[in-house]
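All residue numbers for the sequence shown refer to my numbering, where the first residue is 1 and numbers rise by one.
The set of hints was computed from the structure by calculation and includes no laboratory data.
All C-beta atoms, glycine included, are put in the ideal place defined by N, C-alpha and C.
Do not rely on the hints blindly, as some may be mistaken.
As the list claims (entries may be wrong) - Here are the simulated lysine-lysine pairs, DSSO-like style, with alpha carbons at most 30 Å apart:
#: 1; residue 1: K70; residue 2: K159
#: 2; residue 1: K70; residue 2: K293
#: 3; residue 1: K221; residue 2: K112
What the hints assert, rightly or not - Label-pair ranges, simulated between beta-carbon atoms:
#: 4; residue 1: T111; residue 2: G196; range: 15 to 21 Å
#: 5; residue 1: E88; residue 2: P240; range: 17 to 23 Å
#: 6; residue 1: T421; residue 2: R147; range: 53 to 59 Å
#: 7; residue 1: L365; residue 2: Q310; range: 39 to 45 Å
#: 8; residue 1: T424; residue 2: S211; range: 35 to 41 Å
#: 9; residue 1: S312; residue 2: D126; range: 40 to 46 Å
#: 10; residue 1: K418; residue 2: H368; range: 19 to 25 Å
#: 11; residue 1: I398; residue 2: L365; range: 22 to 28 Å
#: 12; residue 1: H438; residue 2: P124; range: 57 to 63 Å
#: 13; residue 1: G304; residue 2: V364; range: 43 to 49 Å
#: 14; residue 1: V72; residue 2: D237; range: 25 to 31 Å
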Amino acid sequence: MALQVKYRIMPPRVTTRLHPMTCPYQSKSVQTVASEIPNQPDPRTRGDRRQSSLNGDLVLFLESLTESLKQVIFQRAVLSRPSSETAEFPRVDMRLVRLKSGEHLQVARRTKTQEFHTNIPLNPSDFDTSLASLEQLLSPFIWQDFRIVGRTAIVEYSKQKNTLWKSRRKEIDDSASLTTTQSDHNRKRAYLIPDGTPVPFLVHTGIMTESGQVRARHYHKFRQINRYLEFIHDVVDSLPQEGLRVVDFGSGKSYLTFATHHLIKQILNRDCEIVGLDRRADVVATCEAIARKLNLAGIRFEVGEIAGYQPSGAVHLAISLHACDTATDDAIQQAVAWEANVILAVPCCQHELAGVMAGNALPVLTEHGILRERFAAMTTDAMRAEVLDGVGYDASLIEFIDMEHTPKNILIRAIRRKNATDATRRQSAIERLTHMRHLLNIPPLKLERMLLPS
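Throw the hints in and build the complete structure from the sequences for me.
Below, the structure is given as structure tokens:
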């Protein structure tokens, strides 16, 4: 956001001198420290609708949050310790996220096994509209502790047994804030799933602790999951708002299948039906058990082969991650036959071309085994992208994750064009593929034979 206001959200010293405020919906006295915060509006004297419609506890939180947002120093907020042991949401986490439509306040309401995300648009010139949406989520205000973390201070409020609110403020070194806290925050904000916020499937699979901290030995997997989610997030505009159906070929342990479900259902707030398909019955049973334990709706796992699977309806997103050798081609061919809106494929073990490439085609390159293998893999994926272009898709090859984490780092992303039957594009792809095959002295590869037969 463009606002630049000097940070001054809370009092310079801790204070427990409190003043009563009468709540419209309660006969007893409710306490607030809002009047002790310099340059911050007193909720008892506000003239807007919240004065008469909200209890003092919620007013206190909203005023503090609003001031932090307006001064562009807000990083995150936490609501915890509900007044009732049977509260539906024992904890609520808030943070800033930047989506294509602009900056949003992401509100994550957590039960013991699930997390529900709501993204509230932030308009710097009209925070009242944003707060109106937040009020609906938080009413009635049941939490007795809340914390707001800014760039230069952390402020905490805790409700005592006598209904008094006690405040505490911890200063953060300003220089440290600019060099470490802020840069760390920016790094985390790049993650659709942030470190420090518990996500049930990541906790259950051991990647996160109960408190949401990513275990050091699994950080590469955590990073890979977030990078993968960015690819899906980039293509959501090409997917339907309602009735979204996803098929994941060879889902395996399903880290990324569960991550896809979390992104679509919890972060993007869309309904979806996701099917994870794998040939191993024991793996499918394990994933089904996890989905049941976490009460996840809209995701299921089935035992089956790529070629024999029949979806219950149109497939909009087809995923194939690390399918070995020409199994990637089978998945792509099936997705094209379904006219899937988007195809995401991470090929693995591209042996087909290496086995048929003539040794004397490019001797300087192919006489070295390791270079021959890598060249064959890159060429195979490039030709797959060209085939997809010829059958109605805009295809691109993207780095999946840093080479130091996994060598399988090429992702094929294909988005179906509106004019998918363009004969000119099809003929151009055929000619380019023919030229490439003549150059390397190779026959048509499997995907070309299936989708662009001569």
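Assess, step by step, whether the Cα of K221 is no farther than 30 Å from the Cα of K112, and give holds or violated. 24 Å, holds
Hint consistency between K70 and K159 [alpha-carbon to alpha-carbon, up to 30 Å]: 25 Å, holds
Take a look at whether the Cβ-Cβ distance between T111 and G196 falls inside 15 to 21 Å. Once the Cβ atoms are compared, 18 Å apart, the range 15 to 21 Å for G196 and T111 holds.
Holds or violated: are the alpha carbons of K70 and K293 at most 30 Å from each other? 41 Å, violated
Could you check the hint for me, namely that V72 and D237 are 25 to 31 Å apart, CB to CB? Check passed, 28 Å falls within 25 to 31 Å.
Between H438 and P124, is the Cβ distance one that fits in 57 to 63 Å? Because 59 Å falls inside the window, the suggested range holds.
Take the C-beta atom of K418 and the C-beta atom of H368, compute their distance, and say whether it sits inside 19 to 25 Å. 44 Å, violated
Please test the hint of 40 to 46 Å on the beta carbon pair from S312 and D126. 43 Å, holds
Taking the beta carbons of I398 and L365, is their distance inside 22 to 28 Å? At roughly 24 Å between Cβ atoms, L365 and I398 fall inside 22 to 28 Å, so the hint holds.
Within 39 to 45 Å: is that where the Cβ-Cβ distance between L365 and Q310 falls? 43 Å, holds
Just tell me: holds or violated, for the beta carbon distance of G304 and V364 against 43 to 49 Å? 45 Å, holds
Looking only at beta-carbon atoms, does the pair T421, R147 fall within the given range of 53 to 59 Å? 57 Å, holds
Checked against the numbered hints above, the structure breaks hints 2, 5, 8, 10 and satisfies the rest.
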